[in-house]
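Asker: My request is simple: use the sequences and hints to build the entire structure.
As a plain string of letters, each chain reads:
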Amino acid sequence: VKSPHRLPADAKHGFGGAAIDRGKPLSFRFNGQPVEAFEGDTVLSALLAAGIETAGMWHGEPVALDERFSPPIALRAKAGTPDAAMAMDRTPAVGGADLVALGPHERPLSLDRSAPWLARLLHHASHSAERRLDDPRLIEGTWLRATPLDLLEADAIVVGGGVAGMSAALATSGKVVLIERRTTLGGDARFFGTIGDEEPPDELIARLASRIAGTASITVLTSAEAFALSGNRLRVHQVLVENGALTARVMRLTAPRIVLATGAAERLPVFPGNRAPRVTGAVAAFHRAERFGVWQGHSAILATPHNFGYRLALLASDAGVDVQRVTDSRTAPQSRFVDFCKASGITLASGLSPRAADPAPQGNGALSVTFGVTIEGAAGSTETIPTDHLIAAGNWQPRLALWLMGGGRAAYDPRHSWLGARGGLDGIAVVGAAAGYRGTAACVRSGEQAVSSSGETPEPISDPQIDAIFETPPGITPIAPWRAGRGASFLDGGLSFALRPQQLRKDAPVLTPGQIYSLSIGDVVAAVELGSIPVADAGAIAEERSVGGELADTGWRPATTAPAAAAPTDIPAYLHGRFGARPQVVVLLPGDQRNLEPGCLIYPSSDLGDPLVAVGVVLGQPPGVAIGARAVVARAVVAEGIALFVRDTSGPVAVQISEKLKAPRPA
Amino acid sequence: VSDPHYDLAICGGTPFACLLAGLLTSVHHRRVCIVGDRWSPYRMPHGLDLSVMPSARPETWAMLKRGSAETLKLLGGIGRHLFERVDPLFVAEAPATTDYLGHMRWLALGTGFSAEKAVDRAITAEGTICRIRDVAILAGGKAEPALEAWLEDLGVRHIPGAAEIAPRREGGFTLQHDGETIGATQVVLADDEAILARLAASERHRLLSAAPMIALATAPATKALASSCVSWLDRGVIVHQRGGKGQVNAFATGEADAALPRIGASLPGAGPLHRAAEARFIRIGTADGAPLIGRMGKQHFTAIAGLGESAAFLAPIIARYLAGVPGEDEARYLEARDVTRAKTRASVADTPLAPEPIS
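If you read the sequences in order, they're chains A and B. Per the numbering used here, the very first residue in the first sequence carries number 89; after that it's consecutive. Per the numbering used here, the very first residue in the second sequence carries number -10; after that it's consecutive.
What the hints contain is simulated information worked out from the structure, not anything from laboratory work. Treat the hints with care, since some could be wrong.
Stated by the list, open to error - Sample of chain A residues facing chain B (criterion: CB under 7 Å; computed from the structure):
1) ILE621
2) GLY637
3) LEU639
4) PRO646
5) THR648
6) HIS664
7) GLY687
8) CYS688
9) PRO699
Think of the CB as a built atom: it goes at the ideal place given N, C-alpha and C, for glycine as much as any other residue.
Answerer: Structure, rendered in structure tokens:
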């Protein structure tokens, strides 16, 4: 498969792809079909460039293959082992690799064996990774069960290689491990561009990366994702190229200081078809173009609730993309980027947000997009607009999954419409955009302060925003009305596949069938904005749902050694007081040759069977006695010589007291 | 206009608290308000509501028999499908627990429950299993909203859990909520959260214990568990798979690090299960495993603790006791478990632990 979705190498603003080397083409196989790529591509960027845009089907609906969700992959030869699983967006494209997507297939795997010619034909025509996304076994293909390497110790671990994480790593003394999910450091700062008189992000990132490269005490792990945090231990999955071959490993890392510089995720606007192929977030679209020169289709519509969407529209337009229009869910937004777009002749419309994205009649992966009026009290939709690509931007949500996994608290912040970290955790700090900072300088400063060992109270970090008169603040992430029929409205872009509820029902089950896996923080925030989760509960719900990992039989068993030998007259606590203050422990002999089962009740009549009128209980076999049982009975029964019956499964059994046991004398 | 006044303020948000408030209103004609946070469909449940619980006291089995029959009749009148039927397995592995379970089975059988010894090597090869058939379990997700709606129909006022409660000099209590003062003659702490929130550790009765717990839900399992409901007595773990297949809910004592391996080991044959949700919280229990009821703390709140998974099914009996009209055996049962009878607690202790010598 060629690469139909690449921008020209000389596209403006670096949209030709800074990470790829077009002079070094390569080819690998994915699900049997050849895919062409360049050195520097990830498997995901290469697949998207090649037009493989669908992850699979979810209850009959195609779901986009993108940075929010892509099925795990493995080298075909190792596909059966969890240790070999890799993430598409973190796996470098390597020439000659033969990769397959893991997880349940849309077609039976047996087809590959029974009719290989047909399988090749189907693969050749496929634009999909062909996973069944509505199958609970989807998760089974991941590295959650991979065997971790030995524990690595450091003085500090920084998770996230954006400007806050890089600053934190540089400010830390001792052995530092810096973990970055992407293949290069830098985070999302480039997406936002230069704000005010701040250092331009490109220069800042280059400066920090250069210092890190020159600092021997900092170990950088790229293509590495921390996926579990417990106490001061992290589990990290990393994809590497060793001797030209792809490999994956799970590491356990520990440090007394852990800095979470995990950034902020872009929320998914909620509308029917919001996870269809060719619907992309603004940050993802920026990175694809800026890193890999990937842009799906020739035309695009940009729907945004914030000013940075306009910046992306400008960059894309300059790079040769036909930006059909920019819609804004806010009314009359003010921004220098709005002015620049107007000056560039881009069509702008405010007070509109996506109502639906459906497959266009002409096919070729194009979309038909409908917008709705977001002005309060007004209703109505636009005509359907065909486009190659809908970039649907959302507001920001600090990435707090690890923080919550580690036992951190969170609360919904209505000012920003996000869940923010609350309180503290020993040895764990949240910095940068994950802590809610928005300006680059504030992110850098918070990173620097996170590991300050001066012992002094850190200075408050200033995070000034441009006055709302000049730069309208971000609006909330748009949510469209529910629509019957095709086109699922997902709350977020991850593995949970949580759906927008049709009606808010109080009796919805705790996990609805559509909410198979843990709810992401984005799911929870969207549910809050829909009114289906109370604001006061949002933090607790996110804490409860932000778990990961698997449960497996670890072989744990309770200690079953018998306690120290008790005296023959001892009785367990639950029999105290049952048969008077001073019951008698005796040996009973049954009328016939049988064993009396411990726990059976003893009655003064064969007609009785109500436990409330029992006069004793069989305790068990006395040592050295073949037939008979130790029992505790009411003392009056012994004194009066009353006939006794033990009731077991066969009915009442007459028994006689053969011996009264005495408590041993105290030593 | 005088402040509103209630005979009882029931603090709690569990089905037991709701049933108690509703019964005191509808059957015993008390003026009742309920103080607590409303049920949220997205929050993790902190336990199961089963009509039986482990006990080696015959009087407890008698109460369960009567209480569950009344509760099920009541639930049938409140709504449809508010409870389901399961055949829970109780598993003992340690020798002392095996003896306890053996006795419990004979008590259950003698009280009229369908209890039997079960053998399932997939669950335990060395331990013993007691299966009790036809046990009711509240349908989580359906029962809670139905009970809240029932209380609304009965006119039971709901007051948010954040309301402040203080004793009045002349007796009784005042509840402050949203600038309003509400009076109550008696305040009942009807669940763990209410006890934890309203009684400082120093004010709790010495027999009350606060222990960490976790509740966990998995993604749907591809296989059915060996039994849909299993209580592992020596592991402190209860697992429940609703509908016989699919998502598993598990509850375990202890901190997460210790509890998770025990839960994982208590799902034999299920294969690896993805953890979908988890809640960590504090469970109030009693040191001797027996229920504890009565006034405690300097504010003299009435606290009810130690009813285990069966609290909801004992609600009719507790309601009669609070209304002052218990049956003779009910009064005897609950008075023996009153906080004022702490010195004679040995006669109600309900735990397989620590045999005590007698003369």
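Asker: Does each hint fit the structure? Answer for all of them.
Answerer: We went through each hint and held it up to the structure:
1. ILE621: With a closest approach of 5 Å, the ILE621 of chain A hint holds.
2. GLY637: 5 Å, holds
3. LEU639: 4 Å, holds
4. PRO646: 4 Å, holds
5. THR648: Cβ of THR648 of chain A sits 5 Å from chain B, so the hint holds.
6. HIS664: Since the shortest Cβ distance to chain B is 4 Å, the answer is holds.
7. GLY687: 3 Å, holds
8. CYS688: 5 Å, holds
9. PRO699: This interface hint holds because 4 Å falls under the 7 Å limit.
In this structure, none of the earlier numbered hints is contradicted; all agree with it.
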